[in-house]
Structures are given as C-alpha cells and as structure tokens.
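Visitor: Residues per chain, in single letters:
Protein chains: 2
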Amino acid sequence: MTVVKVGINGFGTIGKRVATAVDAQEDMEVIGVTKTRPSFESEIARAKGFDLYVPGDRIPLFDEAEVPVKGTVEDLCEKADIIVDCTPGNVGQMYKDMYSKAGVKAIFQGGEDHSLAGTSFNSTANYQESWGAQFSRVVSCNTTGLLRTVFPLDRQFGVEKAYVTLVRRGADPGDSKGGPINALEPSVKLPTHHGPDVQSIMPWLNINTMAIKASTTIMHMHTVTLELKNEVTTEEAIEVIRNSPRVRVVNSSSGIKSTAEIMELASDLGRDRSDMYEIVVWEDGIKSTGNMLYYYQAVHQESDVVPENVDCIRSMCKLCEADESTRLTNIALGIPYKR
Amino acid sequence: MTVVKVGINGFGTIGKRVATAVDAQEDMEVIGVTKTRPSFESEIARAKGFDLYVPGDRIPLFDEAEVPVKGTVEDLCEKADIIVDCTPGNVGQMYKDMYSKAGVKAIFQGGEDHSLAGTSFNSTANYQESWGAQFSRVVSCNTTGLLRTVFPLDRQFGVEKAYVTLVRRGADPGDSKGGPINALEPSVKLPTHHGPDVQSIMPWLNINTMAIKASTTIMHMHTVTLELKNEVTTEEAIEVIRNSPRVRVVNSSSGIKSTAEIMELASDLGRDRSDMYEIVVWEDGIKSTGNMLYYYQAVHQESDVVPENVDCIRSMCKLCEADESTRLTNIALGIPYKR
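Those protein sequences? They're chains R and W, same order as listed.
Numbered by this note's numbering, the letters in the first sequence go through residues 1 to 339 in order.
Numbered by this note's numbering, the letters in the second sequence go through residues 1 to 339 in order.
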C-alpha cells in the first residue's frame, strides 16, 4: 500500500488536530510538523512522536529552549508528498512559493482566499475537483458546515435562494485575548464573506449571509432559511439531512438544548480533544412550510474541517474515490458512516 | 389640564422604568406602585417618592420589615384611572379580573398573550387602535423592535416576506440566575412566538422568525431579511429607517461596533438607568440587492417598550393624537423627535 508522507505546517488549533487525524489513517503518515517558536504545543508535538521542523532563523530559539529540531520547514517540504498548511490566515502566498519551489502538493485552509489555490474542497460537494491537484483549499469551518447540509438539500430539492445568519463564537476556548465578553457584534459588511465562500464550491447558489459575533467560545450556530424549487414536507427534509455525510441529527427532547450539551456529548463519545466533527442539526428545529425550509445547525469551529483535510489529501494524491475516503476517514475518527 | 392617575402593578425591570417615565410627563402622575415583598426595589420606590401598595396578605411582611405601605393592590385599582401591569408573564388573567371589578383601565406587557387584552399596541404602527380601550397590551421588546422598522418599511415599499433571526440576551444584567453562560441555545419550536406576535399588530405580514439565546446580558440583536414588493436602493431604505420614530441609526465607523458601545452611548447620553429606548440600526449594515433588503438592529430589552407604555396610556385615556403623544414622550425621555 502506498503510504503518503504528510507534513503539517503549523501546529495550532487546526494543525494539531489534522496531525492526529492523519496519524490515525493507514494510507498516510505524519513525517513532521512545524512550529515557529518553542511552546507548550511544541512539547505536545514531541510527546505525540511528531518530528519538529522550524524556520531556519528560529533554530537558535529552539536550541536555547533545548527543544530538539529535525530540520527546517524547507527540509520538511523536500521530504513530504503533501503539506497541510495550517499556518495563520493570509500568510499563504509566502508559503505557496516555498511549496512550488519544492514541488510539493499543499492544502491551504479557509483563512486563505480561494484564488490562492484556485480550487476549494469539501468532501460532500466536490471531492473529485481536487483529484491530482497540486494545490487545494479546505474551506472554513462555517462554509464546511453550510455545504454539509445545503449541498445535499440542493441536490435533492433544488435551492432557489438561501438566507443564513451565522452566530459566531467570539473566541476559541484556548484563546484568552478574544471577545466580545458581553456583547453581540454584527459583521456589517454585507454579504459577509461566508456566502461567496460557499459559492467557491457551489457557484450556482443564490445565497446571502449575515453574521453576529457572540460571547461564547465553543461553537458557531446558523439559522438557515432555504427557498426551495418545490414544496417539501418537514419529514422529507429531515430524511435528507439525516442521510447527509458528517451531519448528526439531535433532538432537544434528548437533553441537547444548546451547544453546551453538544460539547458534552463529544466528550462522552471519547473523541480526540472532545471534538465534534459532524455538523449538528436539531431535528425538532427543522420546519418546512410550502417551499420554505428552516433549520438550526451548530458547527464546531475547531474540528469540522479535520476530516475534510484527510479526504483532501486522498483526492490530491489520488488514493481512492470519495465514498471510500469518507468511509476510511470516518472509521478512523469514530464518525458514523452513512452510505 | 387633565392629569391621569397611573398605578404601576409590579416594580421590576419594566415597572420601575415605566414609573420613572410616567413621572416625567406633565399629563400623568404615578399614584402608587406595587411590590409583593420588601426588597431593595421597594426601598428604591420609596426613595423616588412612590407610594407602595401590596397584596393584602403581604402587609404583615412589610410591617415586619418596617416598610410603610399605603394600601392594598385593590386600593390602588380603586384610586387609579389606569394600571400599567408589569407583573411577571402569565399572571395577567388573575389581575385582569381585579381590574375589571374595579372598573379601571389596564395595560398588559408582552409576556401576556394578545388574547388577554384583545388589542395590542405599538406607537408607530397602531396608536389609534387602543383609543379609549379598557384593556390593551404593549407588545414585547423584540416585537416592538421589529415593528419600529418593519412597519415603516412595509408602508413605504411593501414587504412581501420577512425572515428574522433574533439573537436574544441570555439574562438581564441584574439577573444572576439566567443563562447560558457559554453556549448558544436555539428556540427549536418554529416559528418562534415573535412572528405571530408581530402579526398581532400587522396581521397581513408574512413573517418567519427563528431565535438563538446567547451568552450576553445587555441587548438582543436581529438580522432582518425583507423581500420587498419592489426594488429599492440601499440609500432609499436607509432614508426610511432613519426617519422612523424611535429608531437610531449608527455607523460602525463612529466606533459603535457592538451592543457594548450602544450601552456606553446610552450611559453617556445621561439617560435614566442608562437606557437606550430607540432601536439601533447600523447604517453600514443596511444593504439592498434588487428587492431584497438586509439589516441588523439591536434592541434594549429593558427599556424599548417604556415610551410605548406612556403612549398607550395617552391612547387609552384619549389624551391626544399619536404624533403629539410621541413628541411629548420623546421630549420627556430625551429621545430625538422626528416628524
């Protein structure tokens, strides 16, 4: 079996999760991860057995902290078949040049523009479009969340128009700088970037998005309003949502009243880092009237893109078809698989 | 000049604000307020010079606490021309019987059903409908907020359909029991009660509402999506919103980025209890494309209904016409008046 050599550039919120997820697959291995400075996260990387690669000019910093380094970021690019770029947003161009020079494939994250990679990726919607590509981009957590439900509903019923309000977490749980701490903050520039980002994968979709930042750390929540091409019943819509890959349908009567209980469930499921990879939709919050469909969904901003990164590696390295990749990724990460 | 004798039943979040607002008008006076138990708020009532009336069976409780009581709630009903009922939601029926028996007019709040009063009130939308009525109901803070902007837009452009997401504050600032403290909680039962409540005043409006409770105390925020009967420009929409009564248009470039800065502004304006009576709409968050109009608005849940209660008294007691009442109320409360 071909085992793809994967380098993870950036070992932060997304990078460390992707590293663990890649490590759990049989057809790929993590050959190294990068950090720009010694920190508790570089300790974690070493404790998990990942070799550390750092920018050349940072080697003295790591030497001083007595953190063993395997080589430079360039060295990692030379050794790897593919790099998953999990660096902070908007530094992608600099790294793209490095990847091009090394002739290594690379996956960017949603913090970069679509134009940087030229192709954007979502497992459910367009796995095939990144087949063999040198560069691709896994869309952001919110866009991934929207594609997971809107794409299957569009395929089944046809979506005439989509209106989405995203209530965004103010900061990640591990971030003590973010905010707001007691306020709601609108993203006044309309449409917010989320609509166009969904269109990077579904260019035919008429979608408008609005967003409000809220004082919470654990998940985003969307209200989704879809004008469908035909009338559907609530039951028909539930059926499609229930059968969509990486979507978990819950009912508030089971005690899942808010994002808090979703995180508690993910923890109880024994997931790595208590992550909820699936988009969570409330069954009793789905309602259709005529050709209008309404539902709520919750998005775990730290982890929903993790299985997509693994699938994107398989598509770009031509390892297997979409269904098989989804199956393998899900099994390795403990996500229920639906055919 | 006729001076209307007003009794305030319930001196909590809304009641204490209505008492102060009524007290600031020349054509009405507060003849007493009620409390069911001695507390810091009954001290505040006395400090502001309001006579206390209490349920008969609670008099010993107040005697014990050495809080002087003027009489029973029934006594207040006998003396008053009109009662503003600011008791907690869903106890209205019990009090309605008392008001009927005393032959006193009464205004209920949005926590009660429309059916209890038979008429609902909003200054902008239907001042005249409560003219001379014995009972009316000032709709809730969120419904008031929606009517303040949707009604004028409907009158000007015609609203075909309205889709609203309400991001609700989890608890009032003075409440240490509420929540969620770090989560987002969807109101799964659709439509939420807000849509039908708007229809209690605009029965012709096709509206759907969804709601999410957030971890904040200071204001609600709405994303409003309107399908209009005709195309309008963003500038035309801004003009109508700007000219709507008790709507304050702000721009994020002035530093008002979130609900936090709105409350800071209300405090800087020297308002009683730092209240923001107006619905706040972000000018740079208003956008039209074709016949679709999108905007964000913020609602101060503790105070936006206060001027409406004052106007409702004038309508029910036939003191003056809508425009004049709005003008008098606004001047007394420091709200800019727009003709």
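Watch out, some of these pointers could steer you wrong.
No copy is singled out in the list; a pair is fine if it fits within one copy or between any two copies.
[To be verified] Straight-line alpha carbon distances no greater than 20 Å define the calculated EDC-like cross-link-like pairs of lysine to aspartate or glutamate that follow: (1) K338 / D97; (2) K229 / D63; (3) K189 / D113; (4) K287 / D75; (5) K101 / D23; (6) K161 / E231; (7) K161 / E26; (8) K189 / E239.
Hints were generated in silico from the structure; no laboratory data involved.
Visitor: For each hint, tell me whether it holds in the structure or not.
Guide: Tested hints:
1. K338 / D97: neither (39 Å within a copy, 58 Å between copies)
2. K229 / D63: For K229 and D63, the Cα distance exceeds 20 Å both inside one copy (62 Å) and across copies (68 Å).
3. K189 / D113: Only inside one copy: K189 and D113 sit 17 Å apart there, 37 Å across copies, limit 20 Å.
4. K287 / D75: neither (53 Å within a copy, 49 Å between copies)
5. K101 / D23: neither (26 Å within a copy, 76 Å between copies)
6. K161 / E231: Cα proximity of K161 and E231: in one copy and across copies (14 Å, 17 Å).
7. K161 / E26: Neither. Shortest intra-copy (41 Å) and inter-copy (52 Å) distances fail the 20 Å Cα cut-off.
8. K189 / E239: Close across copies (19 Å), not inside one copy (35 Å); limit 20 Å.
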